[in-house]
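K.L.:
Let's have the full structure, built from the sequences with the hints guiding it.
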Amino acid sequence: LTAANPEIFGFFGEKDTKITKTMGKDILRKMFGNLSESVIEHYLPDDVAEDEYDYVRYQVYTSLGDKNIFCPTVYYAEQSASRDCDVYYYAWVHRPSVSPWAPWMGSTHFF
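Per full-length UniProt numbering, the sequence shown starts with residue 1, numbered consecutively.
No lab work stands behind these hints, which were simulated from the structure alone.
Cross-link-like lysine-lysine pairs, in silico, DSS-like; alpha carbons within 25 Å at most: (1) 25 <-> 15; (2) 67 <-> 30; (3) 18 <-> 30; (4) 25 <-> 67; (5) 18 <-> 67; (6) 67 <-> 21; (7) 30 <-> 15.
P.N.:
Structure, rendered in structure tokens:
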């Protein structure tokens, strides 16, 4: 999210930008291209206020994580399990103290 939109967030998320719901929808359309409106509605439904900045940002980066990491991983795990392979999930929640990424980004999958 930040690397693709450094003008909004800074490369490491250091700008701590407050994004509105409208901005969040625009970022999702830019990032996903042909993403259906129903998917945007899933992450930013009507009951989300325009000025719920932290929640909108959370939903935007969650949607990108779901598309790029979580959903493909679940699909692969399901396919493996259907072939009688053991499947395990690990949740990476530790945030290294030396991480260059902004705290709002949580524990990233690569540093």
